[in-house]
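Number of protein chains: 2
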Amino acid sequence: MAQKPSIPKGTRDFSPNEMARRNYIFDTVKQVFQVYGFQQIETPAMENLSTLMGKYGEEGDKLLFKILNSGDYLSALDGESLQQASSTKLTTKISEKGLRYDLTVPFARYVVQNQNDLVFPFRRFQIQPVWRADRPQKGRYREFYQCDVDIIGSDALLNEVELIQIIDQVYRKIGLEVVIKINNRKILAGIAETIGEADRIVDITVAIDKLDKIGIEKVNEELALKGVTAQAIEKLQPILNLSGSNREKLDQIERVISSSVIGVIGVGEVRTIFDYLSSMDLKAELELDLTLARGLNYYTGAIFEVKSKDVAIGSITGGGRYDDLTGIFGLSGVSGVGISFGADRIYDVMMQLDLFPKDALSAAQVMFVNFGAKEELFCLPLVARLRAEGISSELYPDSDKMKKQMNYANRKGIKFVALIGESELESGLINFKNMESGEQQLIGIDDIVSQLKGL
Amino acid sequence: MAQKPSIPKGTRDFSPNEMARRNYIFDTVKQVFQVYGFQQIETPAMENLSTLMGKYGEEGDKLLFKILNSGDYLSALDGESLQQASSTKLTTKISEKGLRYDLTVPFARYVVQNQNDLVFPFRRFQIQPVWRADRPQKGRYREFYQCDVDIIGSDALLNEVELIQIIDQVYRKIGLEVVIKINNRKILAGIAETIGEADRIVDITVAIDKLDKIGIEKVNEELALKGVTAQAIEKLQPILNLSGSNREKLDQIERVISSSVIGVIGVGEVRTIFDYLSSMDLKAELELDLTLARGLNYYTGAIFEVKSKDVAIGSITGGGRYDDLTGIFGLSGVSGVGISFGADRIYDVMMQLDLFPKDALSAAQVMFVNFGAKEELFCLPLVARLRAEGISSELYPDSDKMKKQMNYANRKGIKFVALIGESELESGLINFKNMESGEQQLIGIDDIVSQLKGL
Chain Y
11 MAQKPSIPKG
21 TRDFSPNEMA
31 RRNYIFDTVK
41 QVFQVYGFQQ
51 IETPAMENLS
61 TLMGKYGEEG
71 DKLLFKILNS
81 GDYLSALDGE
91 SLQQASSTKL
101 TTKISEKGLR
111 YDLTVPFARY
121 VVQNQNDLVF
131 PFRRFQIQPV
141 WRADRPQKGR
151 YREFYQCDVD
161 IIGSDALLNE
171 VELIQIIDQV
181 YRKIGLEVVI
191 KINNRKILAG
201 IAETIGEADR
211 IVDITVAIDK
221 LDKIGIEKVN
231 EELALKGVTA
241 QAIEKLQPIL
251 NLSGSNREKL
261 DQIERVISSS
271 VIGVIGVGEV
281 RTIFDYLSSM
291 DLKAELELDL
301 TLARGLNYYT
311 GAIFEVKSKD
321 VAIGSITGGG
331 RYDDLTGIFG
341 LSGVSGVGIS
351 FGADRIYDVM
361 MQLDLFPKDA
371 LSAAQVMFVN
381 FGAKEELFCL
391 PLVARLRAEG
401 ISSELYPDSD
411 KMKKQMNYAN
421 RKGIKFVALI
431 GESELESGLI
441 NFKNMESGEQ
451 QLIGIDDIVS
461 QLKGL
Chain G
11 MAQKPSIPKG
21 TRDFSPNEMA
31 RRNYIFDTVK
41 QVFQVYGFQQ
51 IETPAMENLS
61 TLMGKYGEEG
71 DKLLFKILNS
81 GDYLSALDGE
91 SLQQASSTKL
101 TTKISEKGLR
111 YDLTVPFARY
121 VVQNQNDLVF
131 PFRRFQIQPV
141 WRADRPQKGR
151 YREFYQCDVD
161 IIGSDALLNE
171 VELIQIIDQV
181 YRKIGLEVVI
191 KINNRKILAG
201 IAETIGEADR
211 IVDITVAIDK
221 LDKIGIEKVN
231 EELALKGVTA
241 QAIEKLQPIL
251 NLSGSNREKL
261 DQIERVISSS
271 VIGVIGVGEV
281 RTIFDYLSSM
291 DLKAELELDL
301 TLARGLNYYT
311 GAIFEVKSKD
321 VAIGSITGGG
331 RYDDLTGIFG
341 LSGVSGVGIS
351 FGADRIYDVM
361 MQLDLFPKDA
371 LSAAQVMFVN
381 FGAKEELFCL
391 PLVARLRAEG
401 ISSELYPDSD
411 KMKKQMNYAN
421 RKGIKFVALI
431 GESELESGLI
441 NFKNMESGEQ
451 QLIGIDDIVS
461 QLKGL
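These protein sequence lines are chains Y and G, in that order. Note that my numbering gives residue 366 to position 356 of the first sequence, counting from 1, and the numbers run on in steps of one. Note that my numbering gives residue 318 to position 308 of the second sequence, counting from 1, and the numbers run on in steps of one.
Hints were generated in silico from the structure; no laboratory data involved. Be careful, since some hints might not be right.
For identical chains, the list gives no copy identity; a pair is met inside one copy or between any two copies.
What the hints assert, rightly or not - Under the rule of at most 25 Å between Cα atoms (straight-line distance), these lysine to any residue pairs were calculated in the SDA-like manner: (1) K259 with I224; (2) K368 with R421; (3) K463 with F388; (4) K14 with L73; (5) K319 with S460; (6) K319 with D358; (7) K72 with K414; (8) K414 with S255; (9) K463 with Q375; (10) K40 with Q247; (11) K72 with S345; (12) K40 with V459; (13) K40 with P367; (14) K40 with I401; (15) K65 with E227; (16) K413 with N126; (17) K65 with I17; (18) K103 with V115; (19) K413 with S164; (20) K463 with I226.
This one's a predicted model, so the numbers in the text were calculated from it and none came from an experiment.
Model the full structure from these sequences, guided by the hints.
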């Protein structure tokens, strides 16, 4: 009868302490989003497959979790088509819904569907899980949360600036030192155009992306292998050798790609963003990084990525501008820009650097030991008093052995234990024990309230 | 190319104002749960079907959303078995996972799986969506949130008392007048035993449950139809005719079922709970209601249900004690008690009674009008200042026509608009407009901060 219980691979349970830390991250980003005037939405876990399919490439289609139609889903199929069916073909006949793969496509669908009710520019954030049938591995899950913030319906570069401010604010609050890397798709297009290889923008970007890892010689070799002409590679060298401050880099690029209209526009956009930011008191480091590509087919302007300075881990936040996200659903000409915070990686970095505040844990602050019926009755109004003051408290529900009760408080990380036995009943005072220091005081409930509220 | 976008039937998008109101409910219950020392957990949206199947009855099995195995899921099947397959049989071969149907079974699975790491009694809460392939209809959705709070690993009736306190606290905060109905499975068993129909406890309870709607004559008829003897029906009459206060009712029942050991224990439990509560300052009305059955096969002791006094709608909170929830997963002898808040119904009731605080809406408090590049630059540090003070603010990102910008503020429900044009640039003062009253002031940023923080 008894099954050994387990959960699907690649999924996780979150226990109280993990949840408390995760909530610390979610609450922090949410608070920043809200103070910047962004509003929360939620979309359903299930979307129609017609909404999802074809939006994430062929590989993405395979990684969608598909939901079996309800009821007698085979009844509409004849035996023959069933016998001949491949998995792929059968799927289209027995499944119409899939689980959300990211928050961006559902957001685009939402905007198009609600275009008449929304006020543009629409500033929304969304914090929800997404599901991908990826092969599970360390740090990669089949269910994970994304925290997305986007402005849709405005071309202004001020929006890019605000997103960078948001990144800065979030990591400042969290106490994490970060580099915000900035690039622009238009500059990449300008580079490809300048070297006479406008169609090879993807190959060129992929090669540039490896510069840090494999060095300039190997990058040149790879470009040649991809069929980029020697002349074009020659022209690319100043860009591969960029150095100096962000402004110096911008000046150098502008000189190289000055004949590309789109490239010059891209440089101008990045310059404007840096101009805005120069008057703001950012803590994060800003870096123009031409090797930054991220979902290149997707972004049309700014591209952002954030890395931790102290922990070697992939991008912890990323995003960019997309000029025609809602076009796939029939609403064209609406430009958007957005970023996504990766809660799982941020969690890992914060754990590694011990950045979670100790009081982000979730146990009650005070536990009253239960010595029996009479003492319990005496404790009840005291517990109620603490709770009314917003001090999380509990009364151990059974009059178990003292040792068991203290062990409970200890293992849960409860900071204070209130002991009320015979002598305390008589004196009306509470034996109040600090579980960390071991210090005990005989005090009244008012003193407990003022001590704890003073913390 | 363009698809007309839609979402699966029975699912919903939540727009900013709906989200803000829903968060008001979630935040309220969460805050109460936490001050009572409950800790949050989360479980995956997907569970193994072996965990879910058979836990919700035959009907429940059908209502589970099942997830198609990834990859070439047909490859393991031979053509013959495919051709002969019924939907039900095929499902077991092509689907191993399902979406969470409630929070209780995943919680039981979690407790068993983590029994060595948990500290018992374990006080947990969980706020997550669940999915059911029910026929969608008004007020019934295929995706909806549950807010569950349970104590597992303690028999003490104090736990029942705390859950009632939590119900009282939540509805007090929300401003909703409620009746908390209490029953006990042991009393129902005692009644069935007393009238000599111990095996017919379900039939009897179903009949009693209809008392309010169809009256005592019809109830008696129905019992006779179900095969309950005339003698037993006769014995049942005093219970159907119960009247008076909760204590009077308890006394009457106790007299009738005094020969049933389990019945007397049940009466004793309810009496103890009322005793505890009598010294507490509850706002909610408590009512002993013998017709309350709710998932009878499930509960073994206390049964709770909460109804709004002012809106005719089903139960808005419910729960009870279950002595062997984790037994299905191989851990027996662990008693639990819990309740679940129905966020959707609470939402509907609150809308109907206009109980949401006006400031539960989510728009920024202040919008700065954008008159152009120069004014924008002047505004940026002012917006930053307000945000640093925790006042949610935005600067309209484009220098659109004034009318468009004011319309934006209006439609979003932004309370204050800051206008900084030529003359304000010169004076350094801000033309600050209250969008509700229309009142305008020429003031400095410090005054704005102190006015808004004083609100």
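Since the copies are identical, ignore which copy is meant and state whether K72 and K414 lie within 25 Å (CA to CA) inside a copy, between copies, both or neither. neither (52 Å within a copy, 44 Å between copies)
Is it within a copy, between copies, both, or neither that the alpha carbon of K413 lies no farther than 25 Å from that of N126? between (64 Å within a copy, 18 Å between copies)
Please work out whether the CA atoms of K463 and Q375 approach to 25 Å or closer within one copy, between two copies, in both situations, or in neither? within (11 Å within a copy, 29 Å between copies)
For the identical chains here, do K414 and S255 meet the 25 Å Cα criterion within one copy, between copies, both, or neither? For K414 and S255, neither the intra-copy (62 Å) nor the inter-copy (40 Å) Cα distance is at most 25 Å.
One pair to classify: K40 and Q247, alpha carbons no more than 25 Å apart. Within, between, both, or neither? neither (43 Å within a copy, 58 Å between copies)
As a check of your reading, is K463 near I226 (CA-CA no more than 25 Å) within one copy, between copies, both or neither? For K463 and I226, neither the intra-copy (60 Å) nor the inter-copy (56 Å) Cα distance is at most 25 Å.
Please work out whether the CA atoms of K65 and I17 approach to 25 Å or closer within one copy, between two copies, in both situations, or in neither? Between. Shortest inter-copy distance 16 Å satisfies the 25 Å Cα cut-off; intra-copy 29 Å does not.
Cα distance capped at 25 Å. Does K368 pair with R421 within a copy, between copies, both, or neither? within (15 Å within a copy, 42 Å between copies)
Treating 25 Å as the Cα threshold, decide for K463 and F388: within, between, both or neither. The answer is within: 23 Å in one copy meets 25 Å, while 41 Å across copies does not.
Within, between, both or neither: how does the pair K14, L73 come out at a Cα-Cα threshold of 25 Å? between (28 Å within a copy, 24 Å between copies)
Intra/inter-copy verdict for K72 and S345 if alpha-carbon distance must be at most 25 Å: neither (29 Å within a copy, 43 Å between copies)
Regarding K40 and I401, is the shortest C-alpha distance of 25 Å or less found within a copy, between copies, in both, or in neither? For K40 and I401, both the intra-copy (24 Å) and inter-copy (14 Å) Cα distances are at most 25 Å.
Hints 5, 7, 8, 10, 11, 15 and 20 from the earlier list are contradicted by this structure; the remaining hints agree with it.
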